[in-house]
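**Q** Here are the chains, one letter per residue:
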Amino acid sequence: EAGVTQFPSHSVIEKGQTVTLRCDPISGHDNLYWYRRVMGKEIKFLLHFVKESKQDESGMPNNRFLAERTGGTYSTLKVQPAELEDSGVYFCASSQDYGASNEKLFFGSGTQLSVL
Amino acid sequence: AQSVSQHNHHVILSEAASLELGCNYSYGGTVNLFWYVQYPGQHLQLLLKYFSGDPLVKGIKGFEAEFIKSKFSFNLRKPSVQWSDTAEYFCAVIPSSGGYQKVTFGTGTKLQVIP
Chain R
1100 EAGVTQFPSH SVIEKGQTVT LRCDPISGHD NLYWYRRVMG KEIKFLLHFV KESKQDESGM
1160 PNNRFLAERT GGTYSTLKVQ PAELEDSGVY FCASSQDYGA SNEKLFFGSG TQLSVL
Chain V
3 AQSVSQHNHH VILSEAASLE LGCNYSYGGT VNLFWYVQYP GQHLQLLLKY FSGDPLVKGI
63 KGFEAEFIKS KFSFNLRKPS VQWSDTAEYF CAVIPSSGGY QKVTFGTGTK LQVIP
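If you read the sequences in order, they're chains R and V.
The opening residue of the first sequence carries number 1100 in the working numbering; numbering runs sequentially from there.
The opening residue of the second sequence carries number 3 in the working numbering; numbering runs sequentially from there.
Some hints could be false.
To be verified - Here are some of the chain R residues that sit facing chain V, going by a computed Cβ distance under 8 Å:
hint: 1; residue: G1102
hint: 2; residue: I1112
hint: 3; residue: E1141
hint: 4; residue: F1190
hint: 5; residue: Y1197
No lab work stands behind these hints: they were computed from the structure.
Just so it is clear, CB atoms sit at the ideal spot from N, CA and C, and this is done for glycine as well.
Please model the complete structure; the sequences and the hints are all you need to start from.
**A** Written as structure tokens, this is what we have:
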């Protein structure tokens, strides 16, 4: 089966610009997660969609970040305006079932974002 | 809130050497424990997980991990590493009552295996 795909794989932008990251989950997966890893630090949860609804966005850093999931399929994460501290790797993951006991999470390869 | 510590940030081993990567967590309740691996240029994938039962868990590619509750540890081991094990390894914890929105990852350990 096709895996979780993320676009672009790399993005280099200047401070103040806007960037939109895209994630295509595995078909049929209702749960979609965004995570971020700032260089040298741990991977941190950003938000969780169930279908098109935001189930939990407690990890979103601030209101410069906007996530959407149109029709419960692909998701976008927009950063506007980007700041230097937004640099890092943004991971997307999807799963079919909910709950750590049953859930198998599939990750994308990540988008490396560099803000200069 | 829980936390995860991976003490080894960068490990270099020769092929056939034994591997042990440390992982300690802090949390007041029961947890589910995971090790993930990211090979160069690839996505994160699950190596093994522990939910309950036998504290010695076997995963893919000959890896195993042992949950020692009294030490809050979940160290990853492999008796004999190969060059293809070169990757970054992440320990992760989820409270037993939670889902992946509650996951806490460690900072990762980069393993370099020299042929």
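**Q** Each hint should be assessed against the structure and marked as holding or not.
**A** Hints versus structure:
1. G1102: holds, 7 Å
2. I1112: violated, 22 Å
3. E1141: holds, 5 Å
4. F1190: holds, 7 Å
5. Y1197: holds, 6 Å
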